[in-house]
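Make a model of the complete structure from these sequences and hints.
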Amino acid sequence: MAKRDDREGRSGLDRRGLLKCMTWAGTGVLWTVSAGVPRTMGLIGEASAATTHAGRLHFVQISDSHIGFHLPPNPDPNATLGEAIAKIKAMPVEPAFLVHTGDISHLSKEAQWDTADQIIKGANKQVFYIPGEHDVADADNGKAYLARYGKGTQGRGWYSFDVAGVHFVALINVFDFNPGFKSAGLATLGNDQLEWLEKDLAHRSASTPIVVLAHLPLWTIYQPWGWGTADAGRAFGYLKRFGSVTVLNGHIHQIIQKVEGHVSFHTADSTAFPQPAPGTAPAPGPKKDVPAGELRKYLGVRTVDFVRGRAGAPALIDSPLAV
Amino acid sequence: MSKILLLAAALAVAPSAVFAGETVTAANAPATVAIHNFQFVPATLTVVAGTTITWQNDDSSPHTVTEKGRVFHSAALDTKETFSYTFTKPGEFTYFCTLHPMMTGRIIVEPAGSSS
Chain A
1 MAKRDDREGR SGLDRRGLLK CMTWAGTGVL WTVSAGVPRT MGLIGEASAA
51 TTHAGRLHFV QISDSHIGFH LPPNPDPNAT LGEAIAKIKA MPVEPAFLVH
101 TGDISHLSKE AQWDTADQII KGANKQVFYI PGEHDVADAD NGKAYLARYG
151 KGTQGRGWYS FDVAGVHFVA LINVFDFNPG FKSAGLATLG NDQLEWLEKD
201 LAHRSASTPI VVLAHLPLWT IYQPWGWGTA DAGRAFGYLK RFGSVTVLNG
251 HIHQIIQKVE GHVSFHTADS TAFPQPAPGT APAPGPKKDV PAGELRKYLG
301 VRTVDFVRGR AGAPALIDSP LAV
Chain B
1001 MSKILLLAAA LAVAPSAVFA GETVTAANAP ATVAIHNFQF VPATLTVVAG
1051 TTITWQNDDS SPHTVTEKGR VFHSAALDTK ETFSYTFTKP GEFTYFCTLH
1101 PMMTGRIIVE PAGSSS
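Taken in sequence, the protein lines are chains A and B.
If you use our numbering, the first sequence closes out at 323, no skipped numbers anywhere.
If you use our numbering, the second sequence closes out at 1116, no skipped numbers anywhere.
FYI, nobody ran anything at the bench for these hints, they're computed from the structure.
By construction, the Cβ of each residue, glycine as well, lies at the ideal position given by its N, Cα and C atoms.
Watch out, some of these pointers could steer you wrong.
What the hints assert, rightly or not - Only some residues are given here: those of chain B computed to face chain A with a beta carbon under 7 Å:
no., residue
1, 1038
2, 1053
3, 1056
4, 1060
5, 1061
6, 1068
7, 1069
8, 1072
9, 1086
10, 1104
11, 1108
Said to hold, decoys possible - Here are the computed lysine-lysine pairs in the DSS-like style, where the Cα-Cα straight-line distance is at most 25 Å:
no., chain 1, residue 1, chain 2, residue 2
12, B, 1068, A, 109
13, A, 288, A, 240
14, B, 1080, A, 288
15, B, 1089, A, 109
Claimed, not checked - Per label pair, the in silico range of CB-to-CB distance:
no., chain 1, residue 1, chain 2, residue 2, range
16, B, 1089, A, 124, 36 to 46 Å
17, A, 147, B, 1070, 41 to 51 Å
18, A, 292, B, 1091, 41 to 51 Å
19, A, 122, B, 1037, 36 to 46 Å
Shown next, in the form of C-alpha cells:
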C-alpha cells in the first residue's frame, strides 16, 4: 500500500515501518530503517562528522526543474533550481554525482535546457539525466532531447552504469503513452526496453544493489491522473531476485514512498512547483494556491547514501529548500 | 496536403488574420476547442471537411494535441498558445495529450455539403 508522506508529518515515520521517510530540518535527526526497524543515526552533524567517503556511496537526486515555467506558484524556477544547487554544494558530505529524474525543461526547448545546464553546472558534478515527458514534448517526439542528452544511450535513451558496486538502471517511460480513451493513460516502458533490461540484469549477482531511475512512478499511484507505468510489473519480474532495489522517480512533484519486499519506491519533490496530492484536485498540474512564503517548503532535493558492507536499502534524506 | 499552423502565444487568435486570402464560408468556418482544466472542451466536435480547428491551451500546464495515429501532433502548447489543423477529409479522429494521456477528445469530420 502506498503511504503518503504528508507535509505536516514529514518527520514522522510510518507506524508499520514500511516507510523510509527521512528528513532533516536544521538540526534534524537522520532516520534509517534496518530490517524494518527504524533507528536514528544521530543528529545530522554527528552523522556526517563521523562518516568519511570511504566505504560509502553518496549521491543526490534532483527532479522536475521545469525550466521555462513562469506561472504561479513559481514564476522563477531558475531561482529555485539555483537554490537546490546551492543546497547541494553546502552539503556536509559531498555527493559523488547527481541524478536528474526528468522534466529538466518545461517545453523541450534548447534555451530551457541551456539555462538548466548553466545552473546545474554550478554543482560541479557529473549529472545522469533521464527525460520527463516535458523534455520530449517537441513536435518530433523527443528528437531534440535525445540529440542533446542521449549520446551513448540505448534505444530511446535508456542506459545503465555502475558506481562503487551499485548498479544503476536509467529507464525511459515518457514515450508511447497509452491514450486514455477507455481507461487512464499510463506510461509504458515498452517491449524493446524491457528486453534490454532483462539482458542488462541477467548476469548480475543478486547481492548487487540496484538503483532504478525513471521519470514517471513505476508503480500506480493514481490511475485517474495517469500516475503509473502500465508494464512496470514485467520490469520488477526481472528485479525481484535482487536483495536491494531502490526506485527513484519524479513526475508527481511530491514525496510518496512505499516498500514491497526488497524494492523501495520513492517519488521526489520538484525544484519548481508542487502538485496536488493524488485525487485532491480536479486535475494534476501546478498547485497554484501556495503562498509565496511557503513555496520552498514544497521543493527540495534528496540524498541517497549507501554504506558499503551493510546489506539492504540506502538511507534517503529528503531535504526541502526551506523549512 | 493538410495545413498545420502553430501560432505564437502573443498572436491573437483572429481567424481573419490566420486565413487571410482564403474564403471562409459558413460551411468551413474555423472552429475552436478549448483546453481547460485538463479537458478538451468540447470533448467531441463535429465539423464538415475543410474546417480548420484551433485548440487553445487555457491551463497553466502545457498540453499537446496528438491524434492517436499521429495524423496530427502539436508540440507542447504553453499557456494561451494555440494549434490549428485543417481537416480536409471526412472521418473520425481521436486524439489525446501526450503529457496527460487521460485527456482525450474526438473530431468527427463529415463530407462537405452535408448538413452539420
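Here is how each hint holds up against the structure:
Annotation: residue 1038 of chain B was flagged as interfacial toward chain A, and the flag holds, the nearest CB pair being 3 Å apart, inside 7 Å. Because the beta carbon of residue 1053 of chain B sits about 17 Å from the nearest beta carbon in chain A, more than 7 Å, this interface hint is broken. The beta carbon of residue 1056 of chain B is not positioned within 7 Å of any beta carbon in chain A (closest approach about 16 Å), and the interface hint is therefore violated. Hint on residue 1060 of chain B holds. Least Cβ distance to chain A is approximately 5 Å, under the 7 Å limit.
Taking 7 Å as the C-beta cut-off, the interface hint given for residue 1061 of chain B holds, the closest approach to chain A being about 4 Å. Annotation: residue 1068 of chain B was flagged as interfacial toward chain A, and the flag holds, the nearest CB pair being 5 Å apart, inside 7 Å. Annotation: residue 1069 of chain B was flagged as interfacial toward chain A, and the flag is violated, the nearest CB pair being 11 Å apart, outside 7 Å. For the restraint placing residue 1072 of chain B at the interface with chain A, the shortest Cβ-Cβ distance is roughly 10 Å, beyond the 7 Å limit, so the hint is violated.
Because the closest C-beta pair between residue 1086 of chain B and chain A is about 17 Å apart, greater than 7 Å, the hint is violated. Here the hint on residue 1104 of chain B is kept, as its CB sits about 5 Å from the closest CB of chain A, short of 7 Å. The interface hint given for residue 1108 of chain B is broken, as the beta carbon of that residue sits about 15 Å from the closest beta carbon of chain A, more than 7 Å. Between residue 1068 of chain B and residue 109 of chain A, the direct Cα distance comes to roughly 24 Å. Compliance with the 25 Å bound is thereby established for this hinted pair.
Distance restraint check for residue 288 of chain A and residue 240 of chain A: the Cα-Cα separation of roughly 39 Å exceeds the 25 Å cut-off, and the hinted pair is therefore not satisfied. For the proposed pair residue 1080 of chain B and residue 288 of chain A, the alpha carbon gap of about 17 Å is at most 25 Å, so the pair holds. Distance restraint check for residue 1089 of chain B and residue 109 of chain A: the Cα-Cα separation of roughly 33 Å exceeds the 25 Å cut-off, and the hinted pair is therefore not satisfied. Evaluation of the 36 to 46 Å hint for residue 1089 of chain B and residue 124 of chain A yields a failure: the beta carbon distance comes to about 56 Å.
A C-beta distance of roughly 20 Å is found between residue 147 of chain A and residue 1070 of chain B, which places it outside the suggested range of 41 to 51 Å. Taking 41 to 51 Å as the suggested C-beta distance range, the pair residue 292 of chain A and residue 1091 of chain B conforms, at roughly 49 Å. At roughly 37 Å, the beta-carbon separation of residue 122 of chain A and residue 1037 of chain B lies within the given 36 to 46 Å, and the hint holds.
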